[in-house]
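Engineer: So the protein sequences, as listed, match chains H and L. In this text, residue positions in the first sequence follow our numbering: the first is 94, and each later residue adds one. In this text, residue positions in the second sequence follow our numbering: the first is 94, and each later residue adds one.
I should point out that these hints are in silico values taken from the structure, not numbers from a laboratory. A hint or two may mislead.
Any copy will do: because identical chains look the same in the list, a pair fits if it lies in one copy or spans two.
As the list claims (entries may be wrong) - Distance condition first, Cα-Cα at most 25 Å in a straight line; then the derived DSS-like pairs of lysine-lysine: (1) Lys410 to Lys147; (2) Lys156 to Lys300; (3) Lys348 to Lys551; (4) Lys560 to Lys339; (5) Lys339 to Lys562; (6) Lys120 to Lys160.
Since the structure is predicted, the reported quantities are computational estimates derived from the model, not experimental observations.
These are the residues of each chain, in order.
Number of protein chains: 2
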Amino acid sequence: MEEKKFVTELTDINEDLSQWYTDVITKADLCDYGPVKGTMVIKPYGYEIWEHIKEYLDVEFKKVGSKNAYFPMLIPESFLKKEAEHVEGFAPEVAVVTYAGGQELAEKLIVRPTSETIIGEMYSKWINSYRDLPMIMNQWCNVVRWEKTTRPFLRTSEFLWQEGHTVQPSEEDAVKNTKQMLDIYVKMCKDLLAIPVLSGRKTEREKFAGAVDTYGIEAVLRDGKCLQSGTSHYLGQNFAKSAEIKFLDRDGELKYGYTTSWGVSTRLIGAVVMVHGDDRGIKLPPKVAPIQVVIVPIASHKEGVLENTEKLAERLKNAGVRVFVDDSNQTAGWKFNQWEMKGVPVRLELGPRDIENNSVVAVRRDTHEKIVLPLDNIENSINDLMDKIQQNMFDIAKEFVDHNTFDVETMEEMIDCVNNKKVAKAYHCGDEACETEIKNETGIQSRVIIEECDDEHKCIKCGKKAKHKAYFARQY
Amino acid sequence: MEEKKFVTELTDINEDLSQWYTDVITKADLCDYGPVKGTMVIKPYGYEIWEHIKEYLDVEFKKVGSKNAYFPMLIPESFLKKEAEHVEGFAPEVAVVTYAGGQELAEKLIVRPTSETIIGEMYSKWINSYRDLPMIMNQWCNVVRWEKTTRPFLRTSEFLWQEGHTVQPSEEDAVKNTKQMLDIYVKMCKDLLAIPVLSGRKTEREKFAGAVDTYGIEAVLRDGKCLQSGTSHYLGQNFAKSAEIKFLDRDGELKYGYTTSWGVSTRLIGAVVMVHGDDRGIKLPPKVAPIQVVIVPIASHKEGVLENTEKLAERLKNAGVRVFVDDSNQTAGWKFNQWEMKGVPVRLELGPRDIENNSVVAVRRDTHEKIVLPLDNIENSINDLMDKIQQNMFDIAKEFVDHNTFDVETMEEMIDCVNNKKVAKAYHCGDEACETEIKNETGIQSRVIIEECDDEHKCIKCGKKAKHKAYFARQY
């Protein structure tokens with residue numbers, strides 16, 4: 094049967110996920126390489142995924158009182174130096190503007206790698222009293238981090254993201270906000286991207302430069318590696334002190350605020366590709382797919398086929414479905430492969446016999462299942478089918494994570510586990526140097542903490558009293 | 094009466110529009126100055142206006158087949174030099190990255206002042222056949238142009254905009270696209286911003302560097318100056334040739350494409366402020382107002398007032414109205430002034446007597462008219478009222494433009510006209526040098542062409558045969 098003859102020039106996904114990824118992202122038309130090394134062009138088919146993520150998050154952010162704003166991209170070099178750990182974290186990878194308007198600048202300007210410092214500067218000006226708090230703003234923007242090794246969506250010199258920055262009146266409020274935003278990210282990954290992320294607090298070693306605590310979400314890839322897909326930071330009073338963000342509290346005392354920041358980026362598109370892809374190409378969850386349904390007319394030269402295809406497309410469009418008719422002059426088989434590679438959740442095949450039977454053949458991208466659907470009420474059938482696909486994609490990914498995380502008790506077990514493409518769960522003392530030893534010796538890092546522990550567990554590495562149990566994996 | 098006692102610290106708008114603008118934009122909380130000279134922070138109250146413009150345009154762009162994408166911000170310096178006129182136009186105002194990742198770069202990178210060159214580079218790679226055309230992409234992004242004299246929203250070193258770039262198979266298609274996008278801008282200004290713009294083709298002198306033709310929209314300000322508020326360029330084959338954008342046409346011939354580009358920026362927010370403002374502050378059209386209705390409880394300590402205010406707010410929110418309750422402990426008079434200054438279209442005052450009468454007092458920002466509205470069916474009354482305000486704001490602005498544009502026949506008349514804060518309509522030979530003379534001698538420039546002319550009219554300046562009739566004004 095034609096639809097089984099898929100021929101792709103993709104690398105075997107089980108052999109080499111990394112090469113498969115490199116192959117598929119340009120073939121599926123998600124992106125292209127920019128002229129400057131390390132940069133990428135996000136093509137419309139990739140960009141629309143980002144638009145759906147934005148729409149979803151924008152609503153959720155506004156529900157918790159966040160408002161969008163826009164802060165300048167160019168930051169005085171001196172700002173970056175205000176917070177010691179922050180400068181250490183970012184200085185090696187910033188891009189610097191030294192000339193502008195035909196003149197050498199008196200002070201060099203940094204292209205923002207993140208906006209903590211400049212937003213802090215403005216907040217310190219705007220915030221006077223407890224009545225001004227909480228202050229919660231978010232911006233959708235580009236940032237630049239000059240990375241040595243780059244890969245489209247996952248790590249590029251410039252990327253798009255949102256960065257939320259808040260000032261809270263107390264530690265309690267700030268920690269609450271940090272966790273609340275993490276929850277929004279977890280829910281978005283589940284609802285929209287069908288990705289069951291590992292989530293939780295990061296260890297001292299893995300936290301953001303200058304943060305008190307960093308919380309993160311991690312996507313588990315089929316090779317057992319983890320991909321950091323979003324972070325939410327509790328910054329304590331560190332940034333408030335360096336930026337002088339003070340407020341007059343109800344009790345008449347002048348206090349430093351407690352700040353948080355949180356962000357997700359276009360890396361999420363890479364996560365979707367990596368988590369759901371298979372040997373036929375990418376697989377997009379219906380909720381973010383730019384094309385949810387592709388209609389391929391069969392024997393389109395026959396009377397009424399194209400006309401009925403258009404009619405069907407129109408009905409689905411009116412029902413809010415993102416639909417595309419492929420009436421190009423390629424063979425049906427070529428089209429089937431092409432749209433499977435591009436990850437369209439549902440393919441509809443409509444030919445003379447289907448029209449006669451007042452039905453259409455639907456093929457699911459997730460299960461390859463073929464179903465005959467009556468044309469009456471097709472709008473509801475398609476919407477139901479997309480809900481099922483969305484749910485099934487999450488369930489499959491969840492099952493994968495559940496079946497690929499294992500408790501380990503020795504370093505040997507951990508190395509075995511990770512080498513066998515699984516994620517390890519292990520007790521650790523929490524000591525930064527001890528974790529660095531693990532990393533240096535094995536390439537394995539903690540991802541997020543599963544639970545703190547008070548009991549008698551021992552650190553997998555040094556044997557001292559364990560502080561927590563965490564996920565360990567290689568990072569992507 | 095309290096609501097008439099408005100006290101603002103704004104400069105008299107009729108005396109000095111420019112200073113009034115500078116006063117009002119920060120007081121109304123639209124923006125603040127960034128730490129680097131010439132940069133600005135767009136605060137949430139200003140940014141939301143931009144969000145409404147984006148939402149509107151995004152729908153219109155997609156209707157004509159445009160898709161959003163994202164191209165890298167950093168452009169190799171050599172790209173800018175590909176098109177001679179283009180480099181001349183932008184070279185003096187670019188910001189240049191010379192260091193990145195701790196190293197001096199082999200090739201300097203330009204922060205995009207516009208993206209013609211880099212998008213052209215990608216298009217040349219993506220376009221092969223007539224089947225790939227038209228190619229229509231748009232991006233919402235930041236650009237940097239290092240200007241000497243800056244003013245928030247109107248001219249800042251960095252600003253937000255959208256830039257659409259298309260490749261068309263023929264001159265006819267390209268010119269059609271150029272005009273079609275101009276029409277979308279004109280309609281958006283009318284429908285959303287209540288601004289009746291002057292629109293049309295620009296003269297040779299005023300067109301975009303490298304364009305064959307530039308079309309523009311111009312807002313007429315109350316001091317008779319014009320503010321360029323958007324442009325749509327027909328670039329002919331100029332950019333296609335420098336970027337090597339070629340396609341195999343139906344006839345088997347390899348041809349250069351015809352390109353267009355079009356953009357509007359956050360300058361539109363400045364236009365809204367300038368066009369509609371009055372001595373009490375800014376005045377926002379309901380369609381873009383972040384707060385459409387502010388409810389001020391009267392005698393809020395009295396039983397039931399706050400409760401009923403909240404109930405009313407809830408009803409309006411559910412009807413899709415953007416509503417804010419000002420229950421701060423300022424006086425009612427202070428609040429009235431404050432919200433008038435911030436341009437909220439409708440103020441509702443709800444006190445014990447209103448509650449008793451099952452009604453509410455509505456005050457229009459545009460006419461200062463006070464109306465008593467029954468609480469029954471208040472949702473519809475408010476939506477109707479907002480429609481009326483939106484229409485009235487446009488009508489008033491339109492009347493202003495109609496009453497402030499005059500035909501002039503001599504240079505003396507033109508200077509008089511412009512010095513009297515009116516826009517002049519005059520015949521001109523179209524010669525660039527002749528127009529430059531007008532500019533140099535009087536500060537007056539052509540804005541857009543009203544009509545071409547074949548008949549016996551003479552150039553207002555040199556007396557030679559006129560080529561067109563155009564609007565002349567000082568530019569903001």
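Engineer: My question is about Lys120 and Lys160: at a cut-off of 25 Å on alpha-carbon distance, are they close within one copy, between copies, both, or neither?
Structural biologist: Between copies only: 19 Å across, 37 Å inside.
Engineer: How do Lys339 and Lys562 come out at 25 Å by Cα distance, when the copy is not named: within, between, both, or neither?
Structural biologist: neither (37 Å within a copy, 59 Å between copies)
Engineer: Within, between, both or neither: how does the pair Lys410, Lys147 come out at a Cα-Cα threshold of 25 Å?
Structural biologist: Classified as both: same-chain Cα gap 22 Å, cross-chain 23 Å, threshold 25 Å.
Engineer: Could you figure out if Lys560 and Lys339 sit no more than 25 Å apart (CA to CA) within one copy, between two copies, both or neither?
Structural biologist: neither (34 Å within a copy, 63 Å between copies)
Engineer: Have a look at Lys156 and Lys300 and pick one of within, between, both or neither, based on CA distance no larger than 25 Å.
Structural biologist: Classified as neither: same-chain Cα gap 27 Å, cross-chain 45 Å, threshold 25 Å.
Engineer: Indicate which option fits the pair Lys348, Lys551 if close means a Cα-Cα distance not exceeding 25 Å: within, between, both or neither.
Structural biologist: neither (40 Å within a copy, 72 Å between copies)
Violation of the numbered hints given earlier is confined to hints 2, 3, 4 and 5; the remaining hints are satisfied by the structure.
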